[in-house]
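Line order of the protein sequences matches chains A and B.
Numbered according to numbering that gives the first Met the number 0, the first sequence spans residues 0 to 162.
Numbered according to numbering that gives the first Met the number 0, the second sequence spans residues 0 to 191.
Calculated directly from the structure, the hints in this document are not laboratory data.
Think of the CB as a built atom: it goes at the ideal place given N, C-alpha and C, for glycine as much as any other residue.
Misleading hints may appear alongside valid ones.
Quick list of the computed label-pair ranges, beta carbon to beta carbon [unchecked claim]:
id, chain 1, residue 1, chain 2, residue 2, range
1, B, Glu-52, A, Ser-115, 47 to 57 angstroms
2, A, Pro-129, B, Ile-59, 50 to 60 angstroms
3, B, Tyr-6, A, Asn-39, 31 to 41 angstroms
4, A, Pro-79, B, Gln-92, 56 to 66 angstroms
5, B, Trp-88, A, Ser-138, 43 to 53 angstroms
6, A, Tyr-104, B, Trp-88, 35 to 45 angstroms
7, B, Trp-88, A, Pro-129, 20 to 30 angstroms
8, B, Ser-5, A, Ser-115, 28 to 38 angstroms
9, A, Asn-55, B, Leu-126, 17 to 27 angstroms
10, B, Glu-140, A, Asp-83, 44 to 54 angstroms
11, A, Arg-44, B, Glu-140, 22 to 32 angstroms
Dumping the calculated BS3-like pairs for lysine-lysine here, alpha-carbon to alpha-carbon at most 27 angstroms [said to hold, decoys possible]:
id, chain 1, residue 1, chain 2, residue 2
12, B, Lys-90, B, Lys-25
13, B, Lys-102, A, Lys-13
14, B, Lys-187, B, Lys-102
15, A, Lys-34, A, Lys-100
16, B, Lys-84, A, Lys-100
17, B, Lys-82, B, Lys-187
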Amino acid sequence: MTAQLAENLRYEGKQEFMCTTPLCDFFAMGGTQPKFMPMNTACWRGYVGQWEIVDNRLYLVGLEGMLRDGSEASVATIFPDFPDRVFANWYSGVIRIPQGKCIEYVHQGYNSAYESDLYLEVNQGLVAEPRLQHYGTASTTDESEGYGIAAMTVLKRPGKGDG
Amino acid sequence: MIFLYSYFGIGLVTLIVVLWEDRLCKQKESDRLRELGRAINPDRRQLSLRLLEDFVLPVIAAVVMVALWPTAFYMLFRTELDKRKAALWQKIQDFTVEGSYLKECLSVQEIESREMVEDPLGAVPQLPFGHLNGVWRSFLESRTGADEIWSFSAEFRPSRRCKVLRAGYVLVRGNNPGRYFLTVMTEKSRFR
Chain A
0 MTAQLAENLR
10 YEGKQEFMCT
20 TPLCDFFAMG
30 GTQPKFMPMN
40 TACWRGYVGQ
50 WEIVDNRLYL
60 VGLEGMLRDG
70 SEASVATIFP
80 DFPDRVFANW
90 YSGVIRIPQG
100 KCIEYVHQGY
110 NSAYESDLYL
120 EVNQGLVAEP
130 RLQHYGTAST
140 TDESEGYGIA
150 AMTVLKRPGK
160 GDG
Chain B
0 MIFLYSYFGI
10 GLVTLIVVLW
20 EDRLCKQKES
30 DRLRELGRAI
40 NPDRRQLSLR
50 LLEDFVLPVI
60 AAVVMVALWP
70 TAFYMLFRTE
80 LDKRKAALWQ
90 KIQDFTVEGS
100 YLKECLSVQE
110 IESREMVEDP
120 LGAVPQLPFG
130 HLNGVWRSFL
140 ESRTGADEIW
150 SFSAEFRPSR
160 RCKVLRAGYV
170 LVRGNNPGRY
180 FLTVMTEKSR
190 FR
């Protein structure tokens, strides 16, 4: 599987990449799952969420994606009564925020290693104290900071002809 | 010197055990299957290939086994460990609630009063289980008169670094847990 696009997270005033997909847990726990249409091989889940942590609470505040019928997905597609902000009360787990330069790129899932990972333990939507784990220093100065993917294949959209 | 004799002695015993197990496996194999294997591979008819397969390779394998039996034990140990890990991950994948996971029997009212979710920004319905309320309602609709609702909690350790948790509520009918509703579904890895 190709390296996957991260979710976006606004945390302590900064925009971060989040290598965790809390919405997948919502769907696995029985929540309504729309029929997303993956647009490229770097996003098989078919959407990218925008999250925010406010007062140690995890919120879904945006969503970009395409549905199989060709319409655009948004937060309202999953949570019609809460189109602007959703408290992620279903989610318990660990949010991983890669930081620094990439020290080993792996073109699969979220398997690439970065200089540090910031871990946020979440218990039913409530965020606990962060934990920073340092793994090393990148061997080259050419690497850019922050999470990224090397390549992806754009998939053909349904109903779109060639040329 | 005695160490050397002991070392090769254990290697010999290991070889005998492996040969014995191989013989037992071959006895279970049907003659028809063996004949079919031979028929599929016509090269087996050549004497040189038969000598290689039936004598040379087994002798080499036997010498390697006697000389390097610690490696064989390590590989056996790792294979067994990997099998158990795979079985545990399969158990997590096909998760069902077992009797040992049950905690306490509760009424719907007790559960709903303890599971109300609130949010200062109003970003969750003020209902039991918040955004999972619809799933909870569907779970309740599947009950029959004989069903009790129990809370449950299960923890798995597929590896030293990884902890998997499942918790929630389950319908129990005559001591048999059935359909469940998850409130916690998490996998925590300590470090990379």
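Taking the hints in turn, this is what the structure says about them:
{"no.": "1", "hint": "Glu-52(B) x Ser-115(A): 47 to 57 angstroms", "result": "holds (55 angstroms)"}
{"no.": "2", "hint": "Pro-129(A) x Ile-59(B): 50 to 60 angstroms", "result": "holds (57 angstroms)"}
{"no.": "3", "hint": "Tyr-6(B) x Asn-39(A): 31 to 41 angstroms", "result": "violated (57 angstroms)"}
{"no.": "4", "hint": "Pro-79(A) x Gln-92(B): 56 to 66 angstroms", "result": "violated (31 angstroms)"}
{"no.": "5", "hint": "Trp-88(B) x Ser-138(A): 43 to 53 angstroms", "result": "violated (34 angstroms)"}
{"no.": "6", "hint": "Tyr-104(A) x Trp-88(B): 35 to 45 angstroms", "result": "violated (26 angstroms)"}
{"no.": "7", "hint": "Trp-88(B) x Pro-129(A): 20 to 30 angstroms", "result": "holds (29 angstroms)"}
{"no.": "8", "hint": "Ser-5(B) x Ser-115(A): 28 to 38 angstroms", "result": "violated (50 angstroms)"}
{"no.": "9", "hint": "Asn-55(A) x Leu-126(B): 17 to 27 angstroms", "result": "holds (22 angstroms)"}
{"no.": "10", "hint": "Glu-140(B) x Asp-83(A): 44 to 54 angstroms", "result": "violated (30 angstroms)"}
{"no.": "11", "hint": "Arg-44(A) x Glu-140(B): 22 to 32 angstroms", "result": "holds (29 angstroms)"}
{"no.": "12", "hint": "Lys-90(B) x Lys-25(B)", "result": "violated (32 angstroms)"}
{"no.": "13", "hint": "Lys-102(B) x Lys-13(A)", "result": "violated (42 angstroms)"}
{"no.": "14", "hint": "Lys-187(B) x Lys-102(B)", "result": "holds (22 angstroms)"}
{"no.": "15", "hint": "Lys-34(A) x Lys-100(A)", "result": "violated (35 angstroms)"}
{"no.": "16", "hint": "Lys-84(B) x Lys-100(A)", "result": "violated (33 angstroms)"}
{"no.": "17", "hint": "Lys-82(B) x Lys-187(B)", "result": "holds (21 angstroms)"}
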